[in-house]
Amino acid sequence: MTPRKKRLTLILGGLAILGVATALVLNAFQKNLVFFFTPSQIVAKEAPLERTFRLGGLVEKGSVSRDGVMVNFVVTDTFRKVPVRYQGILPDLFKEGKGVVAQGKLGADGVFVAQEVLAKHDENYMPPEAAEALKRAAQANARIEAGQAKEMK
Amino acid sequence: MIPELGQIALVLALAVSLLLSAVPMWGAYKADAALMGLARPLARVLFVLIGAAFIALMASFIRNDFSVLYVASNSNSALPLPYRIAGVWGGHEGSLLLWVMMLAFWMLCVAQFSQHLPQAVLARILAVMGMISMGFLLFMLVTSNPFERLLPMALDGRDLNPLLQDPGMVAHPPMLYMGYVGFSVAFAFSIAALLGGQLDANWARWTRPWTIAAWVCLTIGIMLGSVWAYYELGWGGWWFWDPVENASFMPWLAGTALIHSLAVTEKRGSFKNWTVLLAITAFSLSLLGTFLVRSGVLSSVHAFASDPKRGLFILAFLVLVIGASLTLYAWRAPTVGLGQRFGLLSKESLLLANNVLLIVATGSVLLGTLYPLFLDAMGLGKISVGPPYFDTVFVPLMTPLVFLMGVGPLARWKQAELPELAVRLRWALVVSVVATLATQWLAGKITLGTSVGLWMAFWIVASVCVDLWDKIKPASNIVNGLRKLPTAMIGMMVAHLGVAAFAFGVSMVRTYETERDVKMNINDSTEVGGYVFTLRDVREVQGPNFVAARAEMAITQGGDKPVTTLYPEKRVYRVQSNPMTEAAIDAGVTRDLYVSMGEQLDSGAWIVRIYHKPFVDWIWGGCLIMAIGGMLAASDRRYRARKTADATTPQAMKGAAA
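So the protein lines, in turn, are chains A and B. Take 24 as the starting number for the first sequence in the numbering used here and just add one per residue. Take 5 as the starting number for the second sequence in the numbering used here and just add one per residue.
Hints should not be assumed to be uniformly reliable.
[Said to hold, decoys possible] Here chain B is said to cover these stretches of chain A; the calculated rule only asks that three of the stretch's residues, wherever they fall, bring their Cβ under 8 Å from a Cβ of chain B:
| # | region |
| --- | --- |
| 1 | 29-35 |
| 2 | 38-45 |
| 3 | 52-60 |
| 4 | 86-96 |
| 5 | 104-116 |
It is worth saying that the hints were derived from the structure and are not from the lab. Note that CB positions come from ideal geometry on N, CA and C, so glycine has one too.
Turn these sequences into a full structure, and let the hints steer you where they fit.
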């Protein structure tokens, strides 16, 4: 093999490994992206049924009920509500009236089955997803109120 | 008074770092020995000043000086002394000071232990490190002053975040920062070499021990963080692919690639450009990690209250450092020239493949970490990338890497022969496959994923044995043979065995762990992994700054044979009134028993989570073995012996005289 051919083989080999690896990475990446939906979007049926996604908002006050290791609670963006079911131990900072992010799948019965519940890490901190859900709901609310005000006129 | 002294020390340190980054560099450019000679004393003065500031902050913590805003926000008079000391790096400002402190320490080490370096090279290296410390000191003084006074002073502090009140807090951040910042040495060596135009085997040999030392610190730092997360967060996981963990893992991957490519540059003079690029990459990723963690763009336990000005400053600094070093690289690298030629199958080509795989792995972590941030910043929606992505990517990337780990050390430089390698390794292959199947058969379940993981572990062990045997065979007896092996070689083998232990632990715990969430009343029993757990009692106990419900969980095995009693707690810290789960673990070589408490139900029963985790400690044991291997490699006499030889070579003499 001439030195030139050898170098070419090396470069091609390297590029082949790189290409295969990149294809693999991107494919895995696309398959495993976890999207985020607010309670309003879920009620509006914008969320997928058979795919894992994240739901964020506030734990509605008085909505937490336990049955052994099963926990049911309601996540709200102060506008719309979604019931959530979770089996297991909730994080330490999970509290009624506080921000929460749950990751899981939406059942056909409209109940979100969480595989994982994430809460904030300290007192003053709101998970960004939960904050986003509240913000969007507030904006939607404002738009609707503005619309109603127009109609009244 | 003490905080003001600390403040003055920081301002002086900024002035000194300015001198250090300009004067020796100018001296090296003009070949002025007097100016270059200033590099070493200036580095020492910088260390003393930053050290003084650090001690001043620590003293404010120890004395409970709540007139300092940072102390008042991160400490409390009821906080035990070790955590008041660790509180120094419990928040944004103090952890920056720790960063700069570590940088000053590495500079001091370079100044002390580089007597053999040509004066111009040392002057440039310390000047580059001076520039980095100048950037960070400026950042601290402008946006995040740890000594800011609080008027009127607080009566008591707001306490350290309960999650951080743990022995891990004392050891994990300093170690991790030692590693992060340590890559600045390799970076400074590379920039100095690019500036001076002397990229040669000498340069690689000087850089190697420093790079390995930083890598060792980073390995231990990441390991400590992982152990801490395992017992503190109460979820029993040891790695979460959290963006902040990824931020420390990326420099580790790049650093691992750098160590291997430095070996080629030193021995064969090849890969020079690539090695320099890797050194720049490793340090840039350290800076990126600092940016991600400290700017508040990430939400995690590591992220502190965010201030957009801070994020912007670090981002600008990051762009400046990476931009400037890549420009320099683009300008100087073409003059470096290629090294020795090598064959298609040779140690060089195998190490090249190692580098490609490690860099792809780094890139995939980077993608998974930055893409969600990028989308969010662009307002294109919120997404997250979780463990499934990283798991899917890492197994197929690591499998060929581990295969190469077996072949690479046995292959010859320049040209290796495939049939010869195959013959030498055929027994390793057979043994590793048999061991994999036998282990799974004994454990009672055979799966494809576990087979791959366990095979990696056994393949490494078997191939290291073959390598070791081939190397000591020529000697008269085994002891003599072992004694003749270079320390660096032994270090490599030990580090590779560490990877084997790690892979073994991961595979075993993944496949054979059992987890159970149960509702338990007093005297209820449940069985997990062949052990019977009985809840004997739950009572209230008082800690120094918390109250806790403490459970007494008796564990028995095989009838009534007592194993141990565990005391998991549910704590409530008084100042921040946050509940905190304190898991209890019975650690062992072959398994961990892990109990953590959930909530109490209205009926008085407790929800309890119990894990049986086989061989989980091997994961951290493996990291420790890797680190020990690194220490051995860095301590090789070759680096020191040749260094003293260098001091007398004409070139070094010329450098000293110039």
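Do the hints match the structure? See the list:
1. 29-35: With 3 residues closer than 8 Å to chain B, the region 29-35 of chain A meets the three-residue bar; holds.
2. 38-45: That given contact holds, which follows from 4 residues of the region 38-45 of chain A lying within Cβ reach (below 8 Å) of chain B.
3. 52-60: Held - the region 52-60 of chain A has 7 residues with a Cβ nearer than 8 Å to chain B, which meets the minimum of three.
4. 86-96: Per the Cβ count (3), the hint holds.
5. 104-116: holds (count 6)
Of the hints listed earlier, there is not a single one the structure fails to meet.
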